[in-house]
Structure formats: C-alpha cells, structure tokens
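Read top to bottom, the protein sequences are chains A and B.
Here our numbering runs 2 ahead of the position in the first sequence, where the first position is 1.
Number 79 in our numbering belongs to position 87 of the second sequence; there are no gaps in the numbering.
In case anyone wonders, no lab produced these hints; they're calculated from the structure.
Fair warning: there could be bad hints in the mix.
[To be verified] Each computed SDA-like pair below joins lysine to any residue, with the alpha-carbon atoms no more than 20 Å apart: (1) Lys191/B <-> Phe655/A; (2) Lys62/B <-> Glu100/A; (3) Lys645/A <-> Ala192/B; (4) Lys131/B <-> Val158/A; (5) Lys62/B <-> Lys70/A; (6) Lys588/A <-> Leu175/B; (7) Lys591/A <-> Lys62/B; (8) Lys591/A <-> Arg90/B; (9) Lys49/B <-> Lys717/A; (10) Lys70/A <-> Leu175/B; (11) Lys49/B <-> Val373/A; (12) Lys605/A <-> Lys191/B; (13) Lys49/B <-> Lys605/A; (14) Lys717/A <-> Val158/A.
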Amino acid sequence: MAEYKWPDAEKRQYIGKRISRIDGPDKVSGRAKYSYDINRPGMLFGKILRSPHAHAKVVSIDTSVAEKMPGVKTVKVINGPGYELQWAGQEIVALAAETESQAEDAVRAIKVQYEKLPHFVNEADRSKAPESYLRKPNENATGDVSKGFAEADVTVEGFYGNDVITHCCLEAHGLVTEWADDKNVLIHPSTQSVSPIGPELARALEMPASSVRVKMDHIGGGFGSKFPIDIWGIEMTKASKQAGGKPIKYFLDRDAELAVAGTRPSLYAKVKVAAKKDGTITAWESDAWGSGGMGNINGPLPYVFSRIPNTKTKHQTVATNVGPQRAWRAPNHPQLALVTMSAMEDLAAKLNMDPLDFFLKNIELTGARAVTYKDELMKAAEMIDWKKTWRPRGEGGLGSTKTVKRGLGLSIHTWQGGPHNSDCDIIINPDGTAEIRIGTQDLGVGVRTVLNIVVAETFGIPLDWVKVSIGDNRYPVSGGSGGSTTTGGISSSSRRGSVDALNLLFEKVAPTLGTAADKLEAVGGKIQVIGDPTKSMPWKQACAKIGVQPLVARGKHPGQGTLASAGVGGCQMADVSVDIETGIVKMNKFVAVQDCGLVMDLKTAESQVFGAMIMGVTYALYEEKIMDDHSGRMLNGNMEFYKLAGLRDIGEFKVHMMTGPGYDERGPIGLGEPPTNSPGAAISNAVANAIGVRVPTIPLTPDRVLAALSQAGAKKEGRG
Amino acid sequence: MSKSDERPDQPGNDPAVSRRSFLKGSGLALSIPLLAGETVEAKAAAEPAVPILGPNKVDITLTINGKPVKASVEPRVTLLDCLRNDLDTTGAKRVCDRGTCGACTMQMDGKPVYSCTVLAIEAQGHKITTVESLAVGDKLHPVQQAFWDNDAQQCGFCTPGFVMACKSLLDKHPTPNDEQMRLGLGGNLCRCGTYQGIKAAVAQASAGVKAMKGGKRNG
C-alpha cells in the first residue's frame, strides 16, 4: 500500500519554491481565451431587459416591435404580467440578435407597464425598515454577561458598520451557449464551478446531465459570485434552442454586473465590551443587523476572541429590495472582523493600553490558535516597526503634522479553508510525458501551477514534461472553487494519483533494475533503487517499458493519508496618514503575516496575500454600493463611481508567510480568503489611532472621516 | 509636459474622434434643428460639416499590428468591439466600457488609448497596436516577461491592458519616476490586487531597458 505523504523539506524540488505560474505567458500575451473571448461561427448576442424599479408588479409587456427589428432572432419573456419584481435589475425579457447593437436596440423597443410597490434599500438605519422586512433575531448567550460587566473597570460602547459592496468581477458574469445538436448543449461559462454547473443547467432545462458539456479555460475573477448557472445562463440556452441551436454570447453589461451579480452583505452592530484595569476582557454584548438583499446573514460575534467568558449576542437580518447576496471572498469574516477588532481597539484606547499589548494579553481567548496568533503579531510588529511608531490614540503617530495625522492599527483573523472533494486522472505516456486531467478551474490563484508542481515533484521530472488539463466537465469531478477549498483538495488528489501512477511505473521497471517495485524511487529525472543512483534508469527510458498504452491512476480526496488540513490564523497591521482638512486616508504601509500550512508555490501564495490586502484597502477606503432611497436603484453602477484602488493607492506592502516546522506538516490549507478578513479592521483602527475618533462605518470615505471629526469636535465643545 | 499626452484615455493630441467627442458632437448636431427650425436643418443637410455615415454597416479598413484588415461595422461600434467581435482579436478586454478601467488599452499611433472610447470608423488611417503584437512566438516582450517573472497577474483579465499601458509608459519614459508611473498606469484597474507585482514588473522592465538583460523566471 502506497504511503501518501508530502516529501520531506530537504527533498522538495518544487514545493514551497518560487515558481512562475505556468499560464503566465498566455495571460501576458493576450492569448489566454476567457469565456468572454469565445467567438463562434454564426454567434448571436444576447441582451436582457431588466427592471427599472426596486419593487413592482409587471402589468403588461409588448415585445411586438422588438420581434420584428433587424437581426433579432429570439425574444422571450422571463417574468411576465403578474410577476412581482424584487429589485432593480431583475430580469424581464431575454432576446438575441445578430449584432450586439441590434440586440440593444431591440431591448429599448420593448414596452413594459409596471405597478410600482413600496421598496426599502438602505438598512443601515434599521428603524426605517418596514416591519415585514425585519426577520426574527437570533440570540445567544454564554456565562453571565451582567456579572461580566460588573467585574469590569472599563466599559466601552460603540457602533460599527460595513456597507454593502459588490464583487465587480472584471470579466462579467455570463456565458457562450449553443446546442451541438437537438439533444446536447455546449457552454463556455465564466464559472468557479466547472464540474457542478453542468448538472445544474441540465436540471433547469429538464434534460440529462450527460447532455451538457462545460468548457472553460480561464476565468476573469469570481470572488465567490460565480457558482450558479444563473437565470441568464438558463434563458440564453433556451434562446439558443429557439434560434436553431445557434451560439449566443451573453455577458452582463457593467451596470447589470454591479447591480445584480452579487453583493457582500452589510453588517452593523452596537457593541458593549468591558475589561479589568490590567486589560483582561470580561464581557461582550452586541446587537447586530445586516443584509445583502432578500437572504439571510449570520455570523458569530465576537470574532476570533470567541472565548470571552460572558457574552450576549443578537443578530437580525433585514431584508432589502437589492440584488441578492452571494459569497464574497470569506463570507461574513471581513464584516465580523471589523466589528470585533474595532471594539477591541476602542477598549484598549480607553484603557490607555497599546492595542498590541492588549491583544497579546487576551490572546488565549482566541482558543486553539493562540500560539500562532502570538507569533504572527510579534512578526508583524517587527515588520511595521510598531513599538517605535505607535503613539496613543489621538496623539498623532510618529511624523504627524498639524493637518496630516499618522496612525497604526491591527487586526487578527481566521478561516477554515479545508480541502474539498476532488478526483483526478494522472496519465504517464510511453514517451515520458505526463498529464493530469481534473475538473477544476483556475480562479487566478495558480491552480494549474500547483497541479504541475505536485505531479512533477512526485515524478522527479521537469515541470514542462507535465501537461495540466483543467476546465472541462469531462475530466474527473472536482469541487467548485469556494471557501478556499481548492488548493487543499486538488493537491491532495493529485499527490495520491501521482504516487499511484508512479507505483504502476515502478512495477514495469523493477524487473529490469533487478529489484522490487517498493525498493524504487523517482529522483532527478531517473527511476533508481532507493538511495543508489548507480542502479537507475532515465525517466523516459523507464516510461518506454509501459508499452503502447498509457498508465492511468485515479487520485482522490478524501483518501488515505493526511495530506491536507484546515484552519489558519493571520495578522495584519496598517500604517496610515489622514488629512484632517480633506478627510483623505492614505496608506503608508501595510503588512500581513499569514499561515496556510504547507506552501505549494511561495510566489503565487504571496501574490494571493498581496491581492487580498489590496482588495482590503479597496473595501476599507473606497467601495460602496450606493442605493438611492427614492428610486431604489444603484447610483454608482459603473467603474467611475464604484471605486477600486489603483496602483498608486496602496503604499508599501509586505507579506510574510509562516512556513517550516509547525506549519508544513499540516499540508496545504486554502489561502484565498483569510488575508482578506483583516484589512477593514486594521485600517479602521489605524485611522482611529491617527485622528483620535472612530469613523464608525467603512468605507472610510473623506465625508465620513470629516463627519466623525466634526462630531467629535462638537461633543468636545458641548454642542453634540 | 501636458497630461493629455500621458493619460491613456484619449488618442493623444491627434484629431481622431473619440466616442466621447463623437457623442458630444452628435448632441450638438441634433440640437440645431430643434432650436433654429427647418431652414437650418435643410442647410445642414445640404452642407454637412462632417461626412454622414450609417446608420447601416460601413466597410472599413484598419491597420492592426502593421497589417490592413477589413471589417464591416455600424458607425457606432467601438474599436474595441470591432476587434473583439468582428476580427476575433480578443487580447484587449471589455470591462467598464466607458474609459475608466484600462482593460482595453491599445496603442494608436504609438500612444495609449482606451479602445472603448474610440470608434472603429475613426481608427481608420491610424496605426493600431494591440497586445497580440508584442510576443513573437514563444519569445515574450520584456514587459510581458517582467509581468510573468513578478507574478503581476492573477485572474489575468486586466493583464493585457496593463501590459499595453506599461509598454506605453516605458516607450515614453524608459525609467519612470513615481509621478510618471501614476499618470501612465493610474488609469488601469485590477480587481484581484496585482499592483505589488506590477510595480515590481515596471522596475524589472525599466532596468531591462537599460541593461537589456533577460528576466529571472523562477527564483
């Protein structure tokens, strides 16, 4: 029986090294074909008429003019008269035409009558929500919260909030769909879910799952929003059939992408937290609410500091007439981190304690990962020179001027990131080339490269002798890329499959080398007797022993041997400057310390953390889905006013990956999500430290910074 | 040095009509008859200030990466959409479609443009350079090599636009300072967060311009 484990550190040729991603040349040259780039002969362009109202009943629809317009091939009502629309942007009519312009013209020619109904789109002020929009709260308690507060010397009360944001994937949601014949569909979707999305479409179309072929080479961002086939995927596939099976390209226009393709739910909370003079936290009480649409949001508070002895929490979902929520890179964690870490920093400030000392004092309240957090906090403090730079809140950090104040802030976070189920086929060809086939997708994290590394490492051969084939639902089934589960799942299955394939090869070679298969190893492009390079055979020569038919082994996760695990911690510290006359926050420096078990590729792992931090700066300072109370529509459904950070907004970034003993033996753990949890909290804390007052809600836009300063000034002067 | 010749949102000082100026012009033309009545309308029709094209498709010839290419497009079609939909040249991406994100950056007569703000008909007579022209076979352009070496990409959807913006920046400023980088690359957005890698790529490509040394792929 093969022993499934990762090679020891001194024997690793590729694992943990800095390997450039194998699809890099395709991406930098424009050769990489995303689904949005697929052009098929005779292809039509789909468009969808969307609701202009946040809440309305469809009274009548007249598509007669549109149907007769030049180039229009199909027109189909999705939600007809009597249908109650729940958000602006909801689908009403789908059509397809020969050119995109013709399709746009036809959409404009459709006449719809609506009966407008009352809507509610801004939940930050819960008191304005209609009664029917308020869901029953979840309430939990541990210990005796009254006793906890009574024991404390210092108590702070605060309000903290995160507004709704969207995913803003650069490749919009959509697909190219066509009927290969009257029973079989071929789709090129932009999806995080190559294996599961075919059966989902088949179910919707009431056809056999085996009739849907899914192909996708590259995806231009997903961040949690691209799992389902979506109503447009279903309707455009139906439209393709109506058009005689012709391919239809449908991708959301930017305004629709921002309005309906997913939101990150908001979270607002009133928090009361208390501690003894020495910093020991005694009690936590919170009343939280939030929404991302018509769904629910739940999440445990307090975040990470889960062992506070006395807690009382309430959480209420508030429905809104906004497009539906979807998983957004680490669902709920960034919001929960902001609320918790902000309250902790406020408490430290009131105690006149350095928050670093305060966090360390209470680190045992984080539970099993307390030692990891401690190590990470110490490392991050060293990277940002915390002790030298930090000053008590409102005193202005090192280098502050009369109008520009500097501050430091920190946060810690967690994420599970366990491996998902995954199957793969490992193929060794008689010519010495190898291939892995797996129904996974590369969201941009370097999945192809990780698979390449695992197979080449196991076989002891150059990276470019291995072909990586992904993005096809005809390959063995692997999970969707969500929850940071992919790297763990695919590394684990590809290692098992590679080990099994290698053992099959050893069986073929052993007689020639005069030994038993279990006495062989693959090292440096050769198969040799373990520890004896004199009894060896070059890899290619060994593969010639296979015969004419390739060797194939199926790798699976879960399976034998502990190759991947779950659960990571991380720490981030931000150094900001705030101009108190303009309210503009500028990043000076931002550091992250992160563990993810066994790092497969240090270069792409660091990129993941840098990327999460940059995305974090964006949601902390700029991003906001602004909904208009009056019309119920999104006001900034474009990239001019839905702001993302640019290259010059990020300041100096540093990343340190925790590796080596204590980390490596846990096997790979997903990394995409954890480092995106802390930025909002760390940056908000840094701003509070700089200007002396808490800006309660992120994004920390200039108007909010100035409002917080103004309110604090008014209070000081006795006007508030 | 003016900002207009650095920012990739307009075709430089060239008189070529952008979509923005086209729309502005259309609005003015429409307003004249409404204000002045039929006499002016008739005069305008008799003596058009600009040639009237469309609304149906017109045949055009574009010079893409040094080669003349024919297409038939409605006058309202952008250069970006013409390349992507009619000529299957899809390296440049459509993201914001209104001159904000830079994913569709190309060069027009050597200067960076957002190709979603240029009409295909107005790109005639100009030299259009797309990302597809940079790599020769397996040999990457130094800017592309620098992007690869420094992992200045994740999902990669913004990457071709960034590569073109970066090439344009280095064409003009081989060793750009911070302000030049801000102007040259500040008009491109990435959602995955690859700016750290892009900054490193600019540094490598910039050094490479001077030293003409190959990049280090792994290490």
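Hints versus structure:
1. Lys191/B <-> Phe655/A: holds, 11 Å
2. Lys62/B <-> Glu100/A: Status holds; Cα separation ~19 Å.
3. Lys645/A <-> Ala192/B: Judged against 20 Å, a Cα distance of about 24 Å means the pair is violated.
4. Lys131/B <-> Val158/A: violated, 61 Å
5. Lys62/B <-> Lys70/A: Distance ~30 Å between Lys62/B and Lys70/A Cα, so the pair is violated.
6. Lys588/A <-> Leu175/B: holds, 18 Å
7. Lys591/A <-> Lys62/B: violated, 51 Å
8. Lys591/A <-> Arg90/B: violated, 32 Å
9. Lys49/B <-> Lys717/A: Violated, at roughly 66 Å.
10. Lys70/A <-> Leu175/B: Distance of about 48 Å is beyond 20 Å: violated.
11. Lys49/B <-> Val373/A: It is violated: about 68 Å lies between the C-alpha atoms, which goes past 20 Å.
12. Lys605/A <-> Lys191/B: holds, 15 Å
13. Lys49/B <-> Lys605/A: With Cα atoms ~49 Å apart, Lys49/B and Lys605/A exceed 20 Å; violated.
14. Lys717/A <-> Val158/A: Judged against 20 Å, a Cα distance of about 17 Å means the pair holds.
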